[in-house]
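Those protein sequences? They're chains A and B, same order as listed. Count the first sequence with our numbering and you get residues 1 to 523, in order. Count the second sequence with our numbering and you get residues 1001 to 1291, in order.
Each hint can be trusted.
With a straight-line cut-off of 27 Å between C-alpha atoms, the simulated DSSO-like cross-links for lysine-lysine are:
(1) A/LYS421 - A/LYS275
(2) A/LYS25 - B/LYS1074
(3) A/LYS523 - A/LYS191
(4) A/LYS521 - A/LYS25
(5) A/LYS521 - B/LYS1074
(6) A/LYS191 - B/LYS1074
(7) A/LYS491 - A/LYS25
(8) A/LYS521 - A/LYS275
(9) B/LYS1074 - A/LYS523
(10) A/LYS275 - A/LYS191
(11) A/LYS191 - A/LYS501
(12) B/LYS1256 - B/LYS1181
Residues of chain B clear of chain A, computed beta-carbon distances all greater than 12 Å:
(13) ALA1057
(14) HIS1176
(15) THR1248
(16) LEU1255
(17) PHE1287
Since the hints were derived computationally from the structure, they do not count as laboratory data. Yeah, the Cβ is synthetic: ideal placement off N, Cα and C, and Gly gets one too.
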Amino acid sequence: MATATAHHGAHPTGISRWLFTTNHKDIGTLYLWLALILFFVGGAMALVIRAELFEPGMQIVDPHFFNQMTTMHALIMVFGVVMPAFVGFANWQIPMMIGAPDMALPRMNNWSFWILPFAFVLLSSTLFMQDQGGAPSAGWTLYPPLTIQGGIGTDFAILSIHMLGISSVLGAINVIATILNMRAPGMTLMKMPLFVWTWLITAFLLLAVMPVFAGAVTMLLTDRHFGTSFFDAAGGGDPLLFQHIFWFFGHPEVYILILPAFGIVSQIIPTFARKPLFGYNSMVYATASIAFLSFVVWAHHMFTVGLPLAGELFFMYATMLIAVPTGVKVFNWITTMWRGSMTFETPMLFAVAFVFLFTIGGLSGLMLAIVPADFQYHDTYFVVAHFHYVLVSGAIFAILGGAYYWLPKWTGHMYNETLGKWHFWLTVIGFNIAFFPQHFLGLAGMPRRIPDYALQFTEFNQWSTVGAFLLGFAQLLFLYLVVQTIRSGKKASTQVWDGAKGLEWTLPSPPPYHTFATAPKVK
Amino acid sequence: MSTAHGNYYLPNPSPWPIIISFGLFFLALGAVLTINSLGAGPWLMLVGTAIVAYIIARWFGQVIGESEGGIYNKQVDRSFRWGMAWFIFSEVMFFAAFFGALFYVRQFSVPWIGETELLWPGFDAAWPTAGPKGPMAITPDTVAGANQFSPMGAWGIPAINTLILLSSGATVTWAHWGLLKDNRAQLITGLFLTIALGIIFLALQIYEYIHAYTELGLTLKAGVYGATFFMLTGFHGFHVTLGVIMLTVILGRSLKGHFRSDHHFGFEAVAWYWHFVDVVWLFLFIFVYWL
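Isolated chain A (complex conformation) (with noise of 0.2 Å):
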């Protein structure tokens, strides 16, 4: 035991602290601050998408590069974000909330991160490319013939998926084994907080899918290369197979990005409510109905590509059989608050804008999920409106209230209250104003990914970029916020929130660097 003995003596300072890490902390730490430099690079391109859309006709880039963006930023917010961002509050928080010492596998813990920033430069390299084409251009769905044709570009987006997807099974392959294999004793399946809950059948979901989008992209590698004819109908393929293959990955991937967003929304608000989570094991159940259904509903995001009837109309009710765990799920969080007795920390106005605001995003969901209906909606603004609920007011709005929920539990600080409502609320009204807009615009038939528009959708778009950079610069206030809560800030107590319940409040603000060494016993 000599060596695991002088491990807890080992506090590596500077620099190679965090290259050479094995600590789950400081390696949820690195994820956290790669997913918010992301953040704001990919903002910053959605920003240039609408600033262009301020007005119609071409003013500020040409249309090869306005594709460039489109592309990037999806990729970046998926991949480069919302991803390692849940990854890093199941590093920080999932040793924590199960009574683990770290993470099962520490070592590839490093590496399932140390890969991401190297996939980063490889894909964003491409922007500084623009005499060989630029930027994958090709939406981040990457159909092809249109990503057959695309130039070198396509290739570093291809080889940087590749690593991505490592990254990801490494992690999820982790996550699986520490919450499997570490739990303090006690610590049953079914006593295990929401999130990590989530997290498990994420990881799940990770470990299914990324090994197939890998295969789909290799097959677009090796049509654009080798010869191949996947999806050439010459060679005897088809292109819409590629489509299957994307969104078999696709679909369970949209699911990847909410569901540790759902955990970390049944953390808060309990604790807000100051009453325990209604329906825990409804909860439970919800989310494995859920994630089952992810892979039997691909075909609704392609309803329009000529699917035959019996298949359209499979799709669609699966689809929209997913509404039902959904409705548990909401109906769960709502019910946990009635009667509480209710404090509006920043934490929980996310939470509660989430409930409201992801809601939405599902019903227009299950409107698009009606294929007569997708024929009109397909590929329009309503679509962008619909996955911007989802995934801003959804996946990002969690993480946000995540990060002030666990923020003085991590630093030993609180945060500023006064601004952390500012923030609040300048993003949740920038938010709609500028994706509430973009439903009308889609059900009056404005495509999506094309920059330049009639002239009767003007006014909405214009709303609809007032509303983007207002989102936009209220992030720089939550970055200013994190870096004062780090430096100075009230000293946070141990249990932080009065209502909090969990093993990781049991610790103190700051935790040491190493915790739970013996296990705590859970009664």
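Fit chain B to the known structure of chain A by using the hints.
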């Protein structure tokens, strides 16, 4: 479930992950440059591969040293087991993507292309096919002329290879029994036989590929048949190669006296992996070669 935490081995900070990430980066960058015929590509790939191979050797070497040093308890062992099991699951899903592509083209896209006379008049939508613009399919295992290809028949080399891989699954299990009974000779003989069978399989596979390219007109470019055939069997062959390397490491460790009847996760992980490539091959034999 969870037992004494106090003894769970937590490794010290390690330089391997960041260095191997550099290696992966060079490998990926080199690959992009190479397929676009740009200067330094192959060299970058070489550097990347060297770094990755070196770090894998060092990293595994360290883990083996820690394991033989007796600092892994049962709980650490379980973490490795979960890790390997789920890693194999992710590999299964990688193959599933290519099998899915095969089933889709056979069931949907090829019949649909043949359905209308407007798009590709005269196209016979029968499997195997290289599509309306690809070379014509002729009888399996016959020498192909210009603009023809001959699909790979099931009952020649592929059937022999099936027997070889199934036997190798048996020999690796026999080796495992040897390890469990502390019969080192049986362990080493079993591993040696498994590796030999794996190498014979790969040799036959290489012979089959050369035959396909030189005589059957069957290449990666032979439409969707060639694409699915070579990508599925090629990735499988790559995994068999990895398996042979892993088995060789295990053989070397066995010769050095590593493993005990109650402590040999490294052996089991490789055996699991070997059974996994075996099962994938059975699906390949049925759906790629036979049906």
